[in-house]
Amino acid sequence: MNQVKLLNIEYLRLNRGIETYELSLKDEREICYVYNFEDKYYRYFRTLKSLTNYLKDRIEPKVKFKIREELDDFLLYKNIVPIEEINKVFIVDKV
1 MNQVKLLNIE YLRLNRGIET YELSLKDERE ICYVYNFEDK YYRYFRTLKS LTNYLKDRIE
61 PKVKFKIREE LDDFLLYKNI VPIEEINKVF IVDKV
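In terms of this note's numbering, the sequence shown has 91 at position 91, counting the first letter as 1, and numbering is strictly consecutive.
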């Protein structure tokens with residue numbers, strides 16, 4: 001089971017915010033983002049780029065929830081993508 005640590009909440013408007021989490025399991029860490037819309041809808045983003053794409057162009061993420069407990073369970077049990085692996089994707093994309 002992952003350890004889930006809330007790092008920050010950035011409010012865009014009343015009842016709309018971006019939650020930044022650190023997920024860790026043993027030596028692996030992942031930073032991820034959740035767009036919280038009025039505590040009714042939760043959208044998970046693995047990268048800041050995907051979150052920006054959603055906010056700018058409304059490109060829907062593949063992972064979204066309507067129940068907070070389902071989001072919490074997802075964060076606790078998802079496979080962690082180490083930060084180094086995410087950075088490799090960005091380096092390859094730029095080439």
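Watch out, some of these pointers could steer you wrong.
Stated by the list, open to error - Think about it this way: if two alpha-carbon atoms lie no more than 20 Å apart in a straight line, the pair counts; the simulated EDC-like pairs of lysine to aspartate or glutamate are: (1) K64 / E10; (2) K40 / D72; (3) K49 / E10; (4) K5 / D72; (5) K5 / D39; (6) K5 / E28; (7) K78 / E22; (8) K49 / D73; (9) K5 / E60; (10) K66 / E28; (11) K62 / D27; (12) K62 / D39; (13) K64 / E22; (14) K78 / E28; (15) K40 / D73; (16) K56 / E69; (17) K26 / D73; (18) K78 / D27; (19) K5 / E70; (20) K62 / E30; (21) K40 / E60; (22) K64 / D39; (23) K40 / E10; (24) K49 / E60.
Stated by the list, open to error - Restraint-style ranges between C-beta atoms, simulated for each label pair: (25) K40 / K62: 29 to 35 Å; (26) K26 / L55: 15 to 21 Å; (27) L25 / I59: 25 to 31 Å.
Source of the hints: derived by calculation from the structure; they are not laboratory data.
Beta carbons are placed, not taken as given, at the ideal position from N, Cα and C, and that holds for glycine.
Checked hints:
1. K64 / E10: At roughly 19 Å apart (the allowed maximum being 20 Å), E10 and K64 satisfy the hint.
2. K40 / D72: 14 Å, holds
3. K49 / E10: Judged against 20 Å, a Cα distance of about 16 Å means the pair holds.
4. K5 / D72: 11 Å, holds
5. K5 / D39: Holds, at roughly 19 Å.
6. K5 / E28: Holds: K5 and E28 sit about 14 Å apart, inside 20 Å.
7. K78 / E22: 12 Å, holds
8. K49 / D73: 24 Å, violated
9. K5 / E60: 25 Å, violated
10. K66 / E28: 28 Å, violated
11. K62 / D27: Answer violated: K62 to D27 is near 27 Å, above 20 Å.
12. K62 / D39: Holds, at about 19 Å.
13. K64 / E22: Distance of about 18 Å is within 20 Å: holds.
14. K78 / E28: Within the cut-off at roughly 12 Å; holds.
15. K40 / D73: Judged against 20 Å, a Cα distance of about 16 Å means the pair holds.
16. K56 / E69: Roughly 27 Å between the alpha carbons, so the hint for K56 and E69 is violated.
17. K26 / D73: 18 Å, holds
18. K78 / D27: 15 Å, holds
19. K5 / E70: With Cα atoms ~17 Å apart, K5 and E70 stay inside 20 Å; holds.
20. K62 / E30: 18 Å, holds
21. K40 / E60: 16 Å, holds
22. K64 / D39: Roughly 12 Å separates the two Cα atoms, so the pair holds.
23. K40 / E10: Given pair K40, E10 holds - Cα atoms ~17 Å apart, limit 20 Å.
24. K49 / E60: 13 Å, holds
25. K40 / K62: 29 to 35 Å: Violated, since K40 and K62 (Cβ atoms, about 19 Å apart) do not stay within the stated range.
26. K26 / L55: 15 to 21 Å: 33 Å, violated
27. L25 / I59: 25 to 31 Å: The hint (25 to 31 Å, Cβ to Cβ) holds, given that L25 and I59 are roughly 29 Å apart.
Hint compliance for this structure: hints 8, 9, 10, 11, 16, 25 and 26 are not met, and every other hint is.
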